[in-house]
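Using the sequences plus the hints, can you model the full thing?
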Amino acid sequence: MGIEVIFKGKNLVRLLAGLGAAMKISLISVAISIVLGIALGMLMTLKKPVINAITRVYLEIVRIMPQMVLLFIVFFGFTKLTGLNLSAEVSAVIVFSFWGTAEMADLVRGCMISIPVIQYESSAALGLSRLQTFIYVIVPQIVRRLLPLSINLITRMIKTTSLVMMIGIVEVLKVGQQIIEANRKTAPNAAFGVFAVVFLLYFAVCWPIGRLSKYLEKKWEN
Amino acid sequence: MDIEVIKRYLPLFSKAFLLTIKIGWLGIALAFALGIVCAFTMYYKLPVLSAIVRFYVELFRNTPLLVQLFFIYYGLPSIGIRISAELCGTLGLGLLGGSYMAESIRSGLEAVPAIQSESAKSLGMTKWQAFRYVIAPQAFNISVPGLLANVIFLLKETSVFSAISLMDLMFTAKDLIGLHYNTTESLFLLVLFYILMLLPVSFAGSLIEKKVRFGMYGD
Chain A
0 MGIEVIFKGK
10 NLVRLLAGLG
20 AAMKISLISV
30 AISIVLGIAL
40 GMLMTLKKPV
50 INAITRVYLE
60 IVRIMPQMVL
70 LFIVFFGFTK
80 LTGLNLSAEV
90 SAVIVFSFWG
100 TAEMADLVRG
110 CMISIPVIQY
120 ESSAALGLSR
130 LQTFIYVIVP
140 QIVRRLLPLS
150 INLITRMIKT
160 TSLVMMIGIV
170 EVLKVGQQII
180 EANRKTAPNA
190 AFGVFAVVFL
200 LYFAVCWPIG
210 RLSKYLEKKW
220 EN
Chain B
0 MDIEVIKRYL
10 PLFSKAFLLT
20 IKIGWLGIAL
30 AFALGIVCAF
40 TMYYKLPVLS
50 AIVRFYVELF
60 RNTPLLVQLF
70 FIYYGLPSIG
80 IRISAELCGT
90 LGLGLLGGSY
100 MAESIRSGLE
110 AVPAIQSESA
120 KSLGMTKWQA
130 FRYVIAPQAF
140 NISVPGLLAN
150 VIFLLKETSV
160 FSAISLMDLM
170 FTAKDLIGLH
180 YNTTESLFLL
190 VLFYILMLLP
200 VSFAGSLIEK
210 KVRFGMYGD
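Line by line, the protein sequences give chains A and B.
For the first sequence, position 143 matches number 142 in numbering that gives the first Met the number 0, and the numbering has no gaps at all.
For the second sequence, position 74 matches number 73 in numbering that gives the first Met the number 0, and the numbering has no gaps at all.
No lab work stands behind these hints, which were simulated from the structure alone.
Heads up, the beta-carbon is just placed ideally off N, CA and C, and yes, glycines get one too.
Check each hint, because a few of them may be wrong.
Claimed, not checked - Using 16 angstroms as the maximum straight-line C-alpha spacing, the simulated EDC-like pairs for lysine to aspartate or glutamate come out as follows:
| hint | chain 1 | residue 1 | chain 2 | residue 2 |
| --- | --- | --- | --- | --- |
| 1 | B | Lys44 | B | Glu109 |
| 2 | A | Lys173 | A | Glu88 |
| 3 | A | Lys213 | B | Glu57 |
| 4 | A | Lys23 | A | Glu88 |
| 5 | B | Lys155 | A | Glu59 |
| 6 | B | Lys21 | B | Glu85 |
| 7 | A | Lys217 | B | Asp1 |
| 8 | B | Lys14 | B | Glu85 |
| 9 | A | Lys184 | A | Glu59 |
| 10 | A | Lys213 | B | Glu102 |
| 11 | A | Lys7 | A | Glu180 |
| 12 | A | Lys46 | A | Asp105 |
| 13 | A | Lys79 | B | Asp1 |
| 14 | B | Lys14 | B | Glu208 |
| 15 | B | Lys44 | B | Glu102 |
Claimed, not checked - Derived DEER-like restraints, expressed as beta-carbon distance ranges:
| hint | chain 1 | residue 1 | chain 2 | residue 2 | range |
| --- | --- | --- | --- | --- | --- |
| 16 | A | Ala38 | B | Ala110 | 31 to 39 angstroms |
| 17 | A | Gln177 | B | Leu178 | 23 to 31 angstroms |
| 18 | A | Leu45 | B | Gly145 | 22 to 30 angstroms |
| 19 | B | Leu48 | A | Val116 | 43 to 51 angstroms |
| 20 | A | Pro115 | B | Trp24 | 38 to 46 angstroms |
Shown next as structure tokens:
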């Protein structure tokens, strides 16, 4: 079945290193997306027509363009247009941050407009300044709504980074293929075992994060 | 950008477009069928079956389609199960989508308060009537935004099919870039066809969402 191939030599370590390579890209992109997304989300609540028009186009592009297409545009198109050579990793981080920022901004905007006006009015009635209202009343409520959703975004980001294999980054699927090829003679049926392990590795990473998100959502429901 | 090149590529892309749409929508149909069955299995907590369904839903929601396709297309043949790339694409998309649809439908059903079915019962409705006239319309309205988001998500995921050498839009673009280095034209057509595929769906989705919102809140 090919499970034994996994435990031969350094194969398991190599697979995990491959997963690490994908994870590194997703974590960098997540960090960038969260920072830029919060800023953009707050800009979107200002109700400035120009900003709204631009962000609507931006969100719609991200909504309908597959990440894979964006990856190709940046990786192949950018080089063609400018003559500069972007490495596959940098292209991946650019694309996933571009995508993640839009998703995050939309979440932030949704959370911010879901805070009832009465919260602001009550704070004003209690004599809190605008800054105090924001720090002590609004932010804690936003964080409670936003955190589970952004943790969910992380799992989506991790799942999407598996695409980087298609622009030549050696991540877990690619390592899996290499292992299968290297053992073609001794274990011709290794593909089943190796890809099953890759499957389970992704599950082992994403499932706990997803559970955490659900747990926090339940805990902070009211 | 060279118009002649675009003209030459257009038939290739049109063919790939039709294939992508075919597999995409077949997969979505399968996803809906699977999602409905699984959602009801979980909602009515059928013994044993609901545990299996829950495992399936968690497994497929937490893994990328690319990995699932690799497992089905390259992994399964080594234990003797060999299927064509087209069937594999449809099946993979259906299985992935099924898990997402199941979650959306189930959460819609569970969001309807218990008092609704109790009231229906006390009015003398049968179980089926209560479901058909009281629970289902409310659950449907709650599920719609999630289901529409899933449809768009699944159509976007079709871009992964090129990994199992299906001649879809992505594969065609990659192939042509590799063959002739007409990167700009290939990417332009790729984007054009994905817009053609998704913009109408996105637009129709917003309209449906508005209709449903009106049904729920009247604004």
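Now for the hints, and whether the structure bears them out:
Simply put, Lys44/B and Glu109/B have alpha-carbon atoms about 12 angstroms apart, close enough for the 16 angstroms limit, and the pair holds. Of the supplied pair hints, the one linking Lys173/A and Glu88/A holds, its CA atoms being roughly 15 angstroms apart against a limit of 16 angstroms. Distance check on the hinted pair: Lys213/A and Glu57/B sit about 13 angstroms apart at the alpha-carbon level, within 16 angstroms; holds. This hinted pair checks out: Lys23/A and Glu88/A have alpha carbons roughly 10 angstroms apart, not beyond 16 angstroms.
Restraint check for Lys155/B and Glu59/A: satisfied, since their Cα atoms lie roughly 13 angstroms apart, inside the 16 angstroms limit. The hinted pair formed by Lys21/B and Glu85/B meets the criterion: a straight-line CA distance of about 10 angstroms does not exceed 16 angstroms. Proposed proximity of Lys217/A and Asp1/B is contradicted: the alpha carbons are some 55 angstroms apart, above 16 angstroms. About 14 angstroms separates the Cα atoms of Lys14/B and Glu85/B, which keeps this hinted pair within 16 angstroms; it holds.
For the hint pairing Lys184/A with Glu59/A, the CA-to-CA distance comes to about 49 angstroms; that exceeds 16 angstroms, so the pair is violated. Between Lys213/A and Glu102/B the CA atoms are separated by roughly 13 angstroms; this keeps the pair inside 16 angstroms, and the hint holds. About 14 angstroms separates the Cα atoms of Lys7/A and Glu180/A, which keeps this hinted pair within 16 angstroms; it holds. Distance check on the hinted pair: Lys46/A and Asp105/A sit about 14 angstroms apart at the alpha-carbon level, within 16 angstroms; holds.
Restraint check: the Cα-Cα separation between Lys79/A and Asp1/B comes to about 14 angstroms, which is no more than 16 angstroms; the hinted pair holds. Annotation: proposed proximity of Lys14/B to Glu208/B is violated, straight-line Cα distance about 32 angstroms (limit 16 angstroms). Straight-line distance between C-alpha atoms of Lys44/B and Glu102/B comes to about 14 angstroms, which keeps the hinted pair within the 16 angstroms bound. Taken as a hint, the range 31 to 39 angstroms holds for the pair Ala38/A and Ala110/B, whose Cβ atoms sit roughly 33 angstroms apart.
The hinted range of 23 to 31 angstroms is satisfied by Gln177/A and Leu178/B, whose Cβ atoms lie roughly 26 angstroms apart. The beta-carbon spacing between Leu45/A and Gly145/B, approximately 29 angstroms, falls within the hinted interval of 22 to 30 angstroms. The supplied range of 43 to 51 angstroms is met by Leu48/B and Val116/A, whose beta-carbon atoms lie about 47 angstroms from each other. Pro115/A and Trp24/B have their C-beta atoms about 41 angstroms apart, which keeps the hinted 38 to 46 angstroms range intact.
Hint compliance for this structure: hints 7, 9, 14 are not met, and every other hint is.
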